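Given the coordinates of chain E, assemble chain X onto it according to the supplied hints.
Okay, here's what each chain looks like letter by letter:
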Amino acid sequence: MQNTTIRDYVFYILFGIGMGITLSLGGLSDFEQIHKLFILQNIPLLLVFCGAIGLTMLGFCTLCRKRDIPKKTLNGGTIPGSVMFGIGWAMTGACPSIALVQLGEGKFGALLTIFGILTGVWVYRAIAAPNFRLDTGVCGE
Amino acid sequence: MSEFLPWWATSILLAFITLGFYLANNRTLGVSGSWTRIVQFKSDKDFAEAQSSLTERPKMFEDALMAATIEHFGEAEVARFLESRHQQVPRSEENRPMVEVKRIHWTVHLAFLCSLILGGLIGAAIRGDIGIQMDMGSVHADLFGEGFAYLMTLFIGGALVGFGTQLAGGCTSGHGLSGASRLVPASLVATLSFFSAAVIFSMAIHYLG
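Chains as they are written, first to last, in my numbering: chain E, 1 to 141; chain X, 1001 to 1209.
The hints are simulated quantities; they were obtained by calculation from the structure and are not laboratory data. Quantities reported herein were computed from a predicted structural model and do not represent experimental measurements. The C-beta atom is built at its ideal place from N, Cα and C for all residues, glycine as well. Be a bit skeptical, because a hint or two may be false.
Claimed, not checked - Now the stretches of chain E that chain X is said to cover, found in silico as 3 or more residues with beta-carbon under 8 Å:
1) 4-14
2) 42-49
3) 76-84
4) 104-117
Pulled out of the complex, with its shape left as it was, chain E reads as follows:
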C-alpha cells in the first residue's frame, strides 16, 4: 500500500535478523533448554525472560512516556488461546518466531511446526474468527 516504503523493509529485515541471531545464541531455539525452562530447571532462561521484560519496561517508561501506544484488549479468547499456545510451545519448543529460527539453524523438523502454525492461523481466520466475534486485535500490524 502507499504507506509502505523501502525503509520499512530495511528495518523489519534488520530487526528480524538481529532477533533471529539473539534467539539462537541465547539458546531459546533449543528444545532441551526450553523443556528445562518449563520444568523449572533452567533458571538462567527464566532470567532471560524476566530480564528482557524488566529492561523493556525500563525503556518504555523512560523513552516513550508521552506516547499513546495501542493496548490489546482482554477478552474471552485471551486465556483459552494462551493456554493452547503454551501447550503447543511445550510440544514443539517453538513460538511463532522460534520455529523460523530453528529452520534457519538447520532443524528441518521445524518445517512441520511452520506448516502447523500456518494451518492453525488459517483455520482461526477462515473458520473460527467469523463465529467468535472477539476483538482480539492484531499483533504488530
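Leaving out everything else, chain X in the frame of chain E:
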C-alpha cells in the same frame, strides 16, 4: 553442546530489539501478527479498496445507508418521511469520515519472517553448530517418541501455536515482551496463561509420561 550467551546478555539484546523495533517502526514488535498478514495476504487488497472508498468517496457510505433504508422500509415510506421533515440533511465535503489506518504491505511481514530464518542460520554459524538435523534432540525423542508420533507432535503443536496465538491476540513477543513490559492487563493475563500452561503440560509429560 555449544555454549549459549549468558542470560543477561540475551536479556539486554531482546530488550534492545523490542524497544528499537518500536522506535524505528512506530509499531510494537509482534511476530504472530506477521503470520496473520501472510496467511491473509489476499485481504490486503480488500482493505486498501475499502479504505480508499471511505476516504475518497465518503458519499458512497451515505448512499449505501440510504439504499439499505429504502430496501428495509420501502421507497414510498422513505420519501414520505423525508418530505415530512421538510429538510435536507446537510452534507458538506469536509464531513469526511476520519479513517486512516496505516497498514504496511504483507511482503514486509514476509521479509521479516524470512529474516528470522536468516538470523537462525547466522546464529548457528556463530555457535559453530551448523548442519542439517532432522530430529529435535534426544530429550524431545524421549518425551514424544520418534517417527510418526514425532511428526504429529510437531504438526499438532504448531497448529496449537498458530490457532492459540490468533485467539489470544499475541505471542511471546507481542504479549510477553511488548505488552507485559507496559503492564497491559490483557498481556499480563496472556503471558501468565501461556507460561503456566507450558509449565503444567511439561511437568505432566516429564514426571507422569
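Now for the hints, and whether the structure bears them out:
1. Taking a C-beta to C-beta cut-off of 8 Å, the segment 4-14 of chain E contributes 7 residues in contact with chain X, enough for the three needed, and the coverage statement holds.
2. Here the segment 42-49 of chain E counts 5 residues with a CB under 8 Å from a CB of chain X, which clears the bar of 3, and the coverage holds.
3. Remark: the segment 76-84 of chain E is confirmed as covered by chain X, as 8 of its residues place a Cβ nearer than 8 Å to a Cβ of that chain, reaching the required three.
4. Only when three residues or more bring their CB closer than 8 Å to a CB of chain X does the claim for the segment 104-117 of chain E stand; here the count is 13, and the claim holds.
Going through the hint list in order, the structure satisfies each hint without exception.
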